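Engineer: Produce the complete structure using the sequences and hints provided.
One line per chain: the protein sequences are A and B, in this order. Following full-length UniProt numbering, the residues of the first sequence are numbered contiguously, the last one being 582. Following full-length UniProt numbering, the residues of the second sequence are numbered contiguously, the last one being 582.
None of these hints come from the bench; they were simulated from the model. Don't take every hint at face value.
[Said to hold, decoys possible] Chain A regions said to be covered by chain B (calculated; three or more residues, Cβ under 8 Å):
#, region
1, 397 to 407
2, 434 to 441
3, 469 to 478
Quantities reported herein were computed from a predicted structural model and do not represent experimental measurements. Cβ atoms here follow ideal geometry from the backbone N, Cα and C, with glycine treated the same way.
There are 2 protein chains.
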Amino acid sequence: MNFSSLSRYLPILQWGRTYNRDALSNDLIAAVIVTIMLVPQSLAYALLAGLPPEAGIYASIVPIMLYAVFGTSRSLAVGPVAVVSLMTAAAIGNIAESGTMGYATAALSLAFLSGVMLLALGLLKLGFIANFLSHPVIAGFITASGILIAGSQIGHILGINLSGHTLPHMIESLFHNISGLNFITLILGVAATVFLFWVRKGLKPLLLSKGLKPRMADILTKAGPVAAVVATTVVTWALGLNDWGVKIVGSVPQSLPPFTMPDLSPTVIGQLFVPALLISIIGFVESISVAQTLAAKKRQRIVPDQELIGLGAANIGAAFTGGYPVTGGFARSVVNFDAGAETPAAGAFTAVGLAIAAVALTPLLYFLPKATLAATIIVAVLSLVDFSILKRSWGYSRQDFFAVATTIALTLLFGVEVGVSAGVGLSVILFLLKTSRPHIAEVGLVAGTEHFRNIRRHTVITDPSLVTIRVDESLYFANARFLEDFIYDRIQPDCGVKNLVLMMSAVNAIDFSALESLEAINERLKANNIKLHMSEVKGPVMDKLQTSHFLHELTGEIFLSQFDAMEKLAPKSTPPAAEAAE
Amino acid sequence: MNFSSLSRYLPILQWGRTYNRDALSNDLIAAVIVTIMLVPQSLAYALLAGLPPEAGIYASIVPIMLYAVFGTSRSLAVGPVAVVSLMTAAAIGNIAESGTMGYATAALSLAFLSGVMLLALGLLKLGFIANFLSHPVIAGFITASGILIAGSQIGHILGINLSGHTLPHMIESLFHNISGLNFITLILGVAATVFLFWVRKGLKPLLLSKGLKPRMADILTKAGPVAAVVATTVVTWALGLNDWGVKIVGSVPQSLPPFTMPDLSPTVIGQLFVPALLISIIGFVESISVAQTLAAKKRQRIVPDQELIGLGAANIGAAFTGGYPVTGGFARSVVNFDAGAETPAAGAFTAVGLAIAAVALTPLLYFLPKATLAATIIVAVLSLVDFSILKRSWGYSRQDFFAVATTIALTLLFGVEVGVSAGVGLSVILFLLKTSRPHIAEVGLVAGTEHFRNIRRHTVITDPSLVTIRVDESLYFANARFLEDFIYDRIQPDCGVKNLVLMMSAVNAIDFSALESLEAINERLKANNIKLHMSEVKGPVMDKLQTSHFLHELTGEIFLSQFDAMEKLAPKSTPPAAEAAE
Chain A
1 MNFSSLSRYL PILQWGRTYN RDALSNDLIA AVIVTIMLVP QSLAYALLAG LPPEAGIYAS
61 IVPIMLYAVF GTSRSLAVGP VAVVSLMTAA AIGNIAESGT MGYATAALSL AFLSGVMLLA
121 LGLLKLGFIA NFLSHPVIAG FITASGILIA GSQIGHILGI NLSGHTLPHM IESLFHNISG
181 LNFITLILGV AATVFLFWVR KGLKPLLLSK GLKPRMADIL TKAGPVAAVV ATTVVTWALG
241 LNDWGVKIVG SVPQSLPPFT MPDLSPTVIG QLFVPALLIS IIGFVESISV AQTLAAKKRQ
301 RIVPDQELIG LGAANIGAAF TGGYPVTGGF ARSVVNFDAG AETPAAGAFT AVGLAIAAVA
361 LTPLLYFLPK ATLAATIIVA VLSLVDFSIL KRSWGYSRQD FFAVATTIAL TLLFGVEVGV
421 SAGVGLSVIL FLLKTSRPHI AEVGLVAGTE HFRNIRRHTV ITDPSLVTIR VDESLYFANA
481 RFLEDFIYDR IQPDCGVKNL VLMMSAVNAI DFSALESLEA INERLKANNI KLHMSEVKGP
541 VMDKLQTSHF LHELTGEIFL SQFDAMEKLA PKSTPPAAEA AE
Chain B
1 MNFSSLSRYL PILQWGRTYN RDALSNDLIA AVIVTIMLVP QSLAYALLAG LPPEAGIYAS
61 IVPIMLYAVF GTSRSLAVGP VAVVSLMTAA AIGNIAESGT MGYATAALSL AFLSGVMLLA
121 LGLLKLGFIA NFLSHPVIAG FITASGILIA GSQIGHILGI NLSGHTLPHM IESLFHNISG
181 LNFITLILGV AATVFLFWVR KGLKPLLLSK GLKPRMADIL TKAGPVAAVV ATTVVTWALG
241 LNDWGVKIVG SVPQSLPPFT MPDLSPTVIG QLFVPALLIS IIGFVESISV AQTLAAKKRQ
301 RIVPDQELIG LGAANIGAAF TGGYPVTGGF ARSVVNFDAG AETPAAGAFT AVGLAIAAVA
361 LTPLLYFLPK ATLAATIIVA VLSLVDFSIL KRSWGYSRQD FFAVATTIAL TLLFGVEVGV
421 SAGVGLSVIL FLLKTSRPHI AEVGLVAGTE HFRNIRRHTV ITDPSLVTIR VDESLYFANA
481 RFLEDFIYDR IQPDCGVKNL VLMMSAVNAI DFSALESLEA INERLKANNI KLHMSEVKGP
541 VMDKLQTSHF LHELTGEIFL SQFDAMEKLA PKSTPPAAEA AE
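Structural biologist: This is how it looks when you write it as structure tokens:
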């Protein structure tokens, strides 16, 4: 393997060679800022996934370093993210009880499976399958997930235990447990939530009005969760609120990421296969959109298939170091970018920062209330909730609206896996249904041009002996019979038609089933003494037709343009004769 | 409900009003001929389905009468057919042991479920879903089913018990049981098979050479199985071959179809839901192709959605009268047509004939060897086996070849349900993959015309400041990103391009995801000082775009024709200027 192909799989060899002191100092500054932001976020997402808090920190260390070696984005920050944490909780909640060893091991297995799948998709260059998630389905899924995530954290704010990964289950659990409400937790949680909302909405304008530079104001705003963590931890410790029923993080092991082994028994793989696939695809879609948005700003290039390899390596790394499924996160990547990160080395330095935090800072987190972490999650995910997609898609396409509304409803009612699968399935089915009943127009010549348009929409020249039909869809098995029926209905016996031209400008492919239908149409028209012609057949379609017998059996001709066809088949109707006749 | 809408659902009201003596005599003659053919065939297919022989006769009586009332084909003969019998055996073989009461009841449940599904599809006008079975998948499935059916009958010819509904299972079972081979059965079976093959291939030419009319020769040929049945029954009875181990049909109840109740417990419905759906669709596809082929010969019209209602009624009838799933059979319908049947009344008379046979003839069938029935099945289904579809599809389209080869292989290896599901799934996936990476051509003007073609295939006029891109596919979620990437790759910074035209003649739809991609492309080009235009946008696509904000944001224009666009944007390159420059 030569250097260029090696560096294709190891992008670090490209940017590493030109790494200099300037880049180093920029990357170090970005790393410090991101580390400060990530400590509370990692703990919170681990909580959301139902895992011990340290799992969130571990999931940010080795994965981020592996991504730095294999990934192509210079700004992407890899680690636990909200939606994937929710999906992890939903997937392994069916296998084991949260808080048990089995639960944590299942999270490792999920990360491993997801990593292997991402790696395989990347090596097989199958990254385009992510395109089958339509924009409305993604938007609907993210919105519904945001609601589920916020809902799942309500319990921590109220100081009660909530269970369930669907809205009905959560509401039912809320009614069952509401009597156990802890008022001190509630006050703490609501205060933290209000504070964080204010930081997000009100602090930045305030800082800007005080004369701070926008970038500095941004960074201070991102440090809001840290302030909330510090303040509530101190209050809880000072007043001994944990004795009053406020749930705290408690002791977190002071350690570097441990070496862990995922459980790869066939039973576990069988149970986690589908969830791992969904997590891989959703994670990849989230990651690649962030990476491409950021890369476009600096005219850098993202290689989707190599991104799969980078994310695959990161997840496999998470599986062996006490983490859980990770991906490129939106919030953390934007902070990394805004803080000036130039290369993936910033990520590696962030990992070092988190490793130091894992060893040195964890005792300080003993009195951190879980309600504070819940507040940071709620405030973060509510920005994901955006119902405007419903309105926008309704205005443009009922079909897209139907897909997004179904995705939202099913995600809320039956959980993330059902929701996203149904969204993808429905999009595909709606697309197929549409192409199975294509728009078919009878066309005529626009006077004074060589252009043909729908006779029902435009004033056009036609000839009674000539019918020209434009099929606005590729011909394939699902619509082959539809075209046959349309033509048989149009061509009644004794209608005076002598020639039928299929205008093929919108036909991008003809599969074997459609070829057989064309043969049948040709035969049937022949029996009625009508010749079948074609015009404007595209190069790739013509190449294929030439490999079949159809062109030999065709009763008519193939015309380069529809105008040629009309000139030849209905010379009296084409200009200048037409103009003379008018 | 007025008469015309009533007669839409009850086609019998249409043909019944003009029924006359001529039609009656033609229908009666056809009925006699079909009845003679159906007696052995019905017994044989019941054997194939693993049911007692009388089930085959019962399945031909009430269903055929109900179809006569509700169906739209004048020639279709409804009853047990080979492929559906095989699918029935495969489906209920998982639930109960062949020969038990549970097995026969499961067959009733399957017929009932299938009937309800067909009825529902018909009432909801969803008949077009059958179009999702591509021609190559159907051909491959029928070929593989023919092999499985023939394989399943080998045991009866050898006089041993064979089990399994897949080729590997059959072969394994053959090796296990071959030692139990019964030589007398083998001689009888082979003789019947050879005789029936000769009848099929050699008898008709012989009769024609003896001066018989072709129609008579045809009918005598179809009576071959009856001759085999009579001859082998007499031999077995005369020599007492059943005492030497030749398996015989034995006592068959002398009775009209009994009233039976299908088992509709949730467990059974759950287990049979998918098989019933597959049987419904496969049965419908087989039936509708036969019906349409025969109707075309007499310029009659088949209404697919009403056919679903007719077949649905027939299957529900089968469920309550001791039958099993039925559909319009190819062989019996062709015989019915050739014998001169004019209306569905021929079917009703056939039912009467079979009812008489059920009451009067069954004792005569006591000594009928099962090997004879197996021979009739083997000879009948081997005509279904046709591997030429592999060659034909390979020549035209690797993709279709792949679908058909996979369907054949999976049907043989894993059975009918896996085979046909995989075939349909694969066709859909291959279609989606193709549309997700569409052909995109850069086009230029063909000199002396207003026609634009691919710059790589034709000598065309272009202008350095103008790039025209023709996308040969509808734009939707699966290919939206692909178009973005293509354009960003084509439009390098400082390439001198001022205008980019998307020629939309092959774009039949733009979904919401693609609209967002177009907005992104428009923005990105704007940042590079390139205007985005469109030409030849179709009516339905334009209607949709007008409901969005996109047209307001579009930096360029919408041109009626690509020629208009070039005239306006690159006037120096368009004729007559172009001709002067040359």
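Engineer: Are any of the numbered hints broken by this structure? If so, which, sorted upward?
Structural biologist: Hint check: nothing fails, all pass.
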